[in-house]
Amino acid sequence: MIYFEHVTKKYEQSEGDKTEALSDVTLHIKPKEFVIVVGHSGAGKSTLIKLINCEIRADEGKVYVGGIDYKELKKRDIPYLRRKIGVVFQDYKLLPKKNVFENIAYALEVSGVKSKDIKSRVPKILEVVGLQKKEKNFPRELSGGERQRVAIARALVHNPRILIADEPTGNLDPRNAWGIIEILLRVNQLGTTVMMTTHNQDIVNKLKKRVIVLKNGKVTKDQATGVYEE
Amino acid sequence: MSNFIRLLKTGLSSFRRNGWLSLASITIMVLTLITMSMFLIVNVVLNTGIKTIQDKIDISVYFNDVAKQKDIINLQDSLAELKEVKSIKYISKDDALAKYRKQNANNPKLLESLKDTENPLPASLEIKVTNPDKLNSLTKVFDQEEYKLYIHKVSYKENQAIIDKLFKATQFTKQVGLAATGIFTATALLIIFNTIKMTIFARKEEVDIMKLVGATPGFIKGPFIIEGAIYGVISTFISIVVIAIFLYFLSPALINYFGGVGNNLTDFFLDNVVALVSAQLFVGVLIGVLSSWLAVRKYVKFS
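Chains as they are written, first to last, in the numbering used here: chain A, 1 to 230; chain B, 1 to 303.
Keep in mind the hints are simulated off the structure, nothing from the lab.
Yeah, the Cβ is synthetic: ideal placement off N, Cα and C, and Gly gets one too.
A few of these clues could be false.
Claimed, not checked - Label-pair restraints from in silico Cβ distances:
hint	chain 1	residue 1	chain 2	residue 2	range
1	B	K174	A	Y11	27 to 33 angstroms
2	B	F4	A	D69	34 to 40 angstroms
3	A	Y11	B	D208	17 to 23 angstroms
4	B	D208	A	G42	17 to 23 angstroms
5	B	N47	A	S115	53 to 59 angstroms
As the list claims (entries may be wrong) - Covered, in the sense of this in silico footprint (three residues per stretch, anywhere, with C-beta under 8 angstroms from a C-beta of chain A), are these stretches of chain B:
hint	segment
6	28-34
7	121-131
Said to hold, decoys possible - Here are a few chain B residues that sit away from chain A, every Cβ distance over 10 angstroms (derived from the structure):
hint	residue
8	E81
9	L82
10	E84
11	I88
12	F172
13	G182
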């Protein structure tokens, strides 16, 4: 499903001075897998996500997602690729002037889905994340956990084959954090490949899922049912 | 269709949200369109006026009494061969007097005074030309040394001075109009560019989310371009109304000051209002869309 082959990504710090955010990374994530990527700030987690979402391109190596070679991917095809990949962020990225229903519907509107279909699809996805009674609420009226669930619903509304969650529990208390993890597990059980980045040792250790550890842009550990040690 | 309505709604809502910036953009765009239209109207009317005057002008060549009929007829024959000359008629001294008497038949005192004196009227040639533009070159013939002796006056030369002045005025109006329109257009481009830039910055979060959820560049850029076009459409409407009001209330003064030209301005506006609206709409929308497109190209980046 996701395949990185000797991928290197460098960022220019100043003129002529480049630092490696990812260095010769090779990894393979199979369909329906639940993978946790851990690492300190600057380890390369966000770069990994940006590469998968095609926000940036690799300097060296190859990236394949869902059988698509990103080197061959044309700029005009990127929006269509992103509709197949759901992304959730730590800061939710919800539109404050739109209510819950509108925030989720927005993802469908940009894809040109008819309003009749939007009206039938949004309530279903709200049910999956347990927010069916909050569809008229605005983000400011929701708790952190609820906002993150709206963000997950928006990411899932296209029925993506891959869900990327970048520190989804970073701003949440333990109770809400586990609520989000439960949703991600449920989504994974339904057949979606989930890749989550986190700092939270407790979550990693209790989940007993595959753990990829990144350090200074390199994969230092890749364990099937790993634990996370600082 | 629903996509177009969405673009229109988003563009309009952004236009409303921008408040003072929108007002500034509209104001400068209205000024641009009014300047452009007024100079266009004034130019067309002045040019039409000049053409009308030119069309009415014939050349009258008046001869001194020393000129013999034979010399005048010779000149008439050689002029008749020129392609610029449409027709040429010889008026002898006697013919001129007869014509004068006919014209002043109601003024017996004047006619009585002519009885005791020798015929004071000169013989002349009345020339009609094929093309008014050729008048100037034709009159050069009379400057030749051989004719200088017996030609008293060429009437066209006096008219030509007036026409030259009018031409210069038209040229000046055209240059000032072009310069003013250019300055206003550049200012409008700059102000709308900045307005759209502010809109893009204000909606940066929304733009990022749109990219995230798979919006195409067209979907993201569309509302900004539409916003630019809205400035053009609204400005066209306002400027046409302003010009109409201006001409309506000022037409008596214009007629007083400019005579027929003042009347022509109003007539030209009324006769060509559809063409003017179309031209303004085209220019206004073009300026709006171009500035928006430049701003979007610079500030909305895609990976």
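Structure-based check of each hint:
In this structure the hint that K174 of chain B and Y11 of chain A lie 27 to 33 angstroms apart at CB is violated, the actual value being about 56 angstroms. Between F4 of chain B and D69 of chain A the CB atoms are about 36 angstroms apart, so this pair conforms to the stated range of 34 to 40 angstroms. Distance hint check for Y11 of chain A and D208 of chain B: the Cβ-Cβ separation is about 19 angstroms, which falls inside the suggested range of 17 to 23 angstroms. Look at D208 of chain B against G42 of chain A: about 22 angstroms separates their beta carbons, and that is inside 17 to 23 angstroms.
Evaluation of the 53 to 59 angstroms hint for N47 of chain B and S115 of chain A yields a pass: the beta carbon distance comes to about 55 angstroms. Counting residues of the segment 28-34 of chain B whose CB falls under 8 angstroms from any CB of chain A gives 0; the rule of at least 3 is not met. For a cut-off of 8 angstroms, the count of residues in the segment 121-131 of chain B with a CB near a CB of chain A stands at 0, and the three-residue condition is violated. For E81 of chain B, the condition that its CB be more than 10 angstroms from all CB atoms of chain A holds, with the nearest at approximately 72 angstroms.
For L82 of chain B, the condition that its CB be more than 10 angstroms from all CB atoms of chain A holds, with the nearest at approximately 68 angstroms. Chain A leaves E84 of chain B outside its interface by the beta-carbon criterion, the shortest separation being 64 angstroms against a cut-off of 10 angstroms. With 10 angstroms as the threshold on Cβ separation, the claim that I88 of chain B sits away from chain A holds: the shortest Cβ distance comes to roughly 73 angstroms. Under the 10 angstroms C-beta cut-off, the non-interface status given to F172 of chain B relative to chain A holds; the minimum distance is some 51 angstroms.
Its beta-carbon lying about 36 angstroms from the closest one in chain A, G182 of chain B satisfies the requirement of being farther than 10 angstroms from that chain.
In summary, the structure is inconsistent with hints 1, 6 and 7 from the numbered list given earlier, while agreeing with the others.
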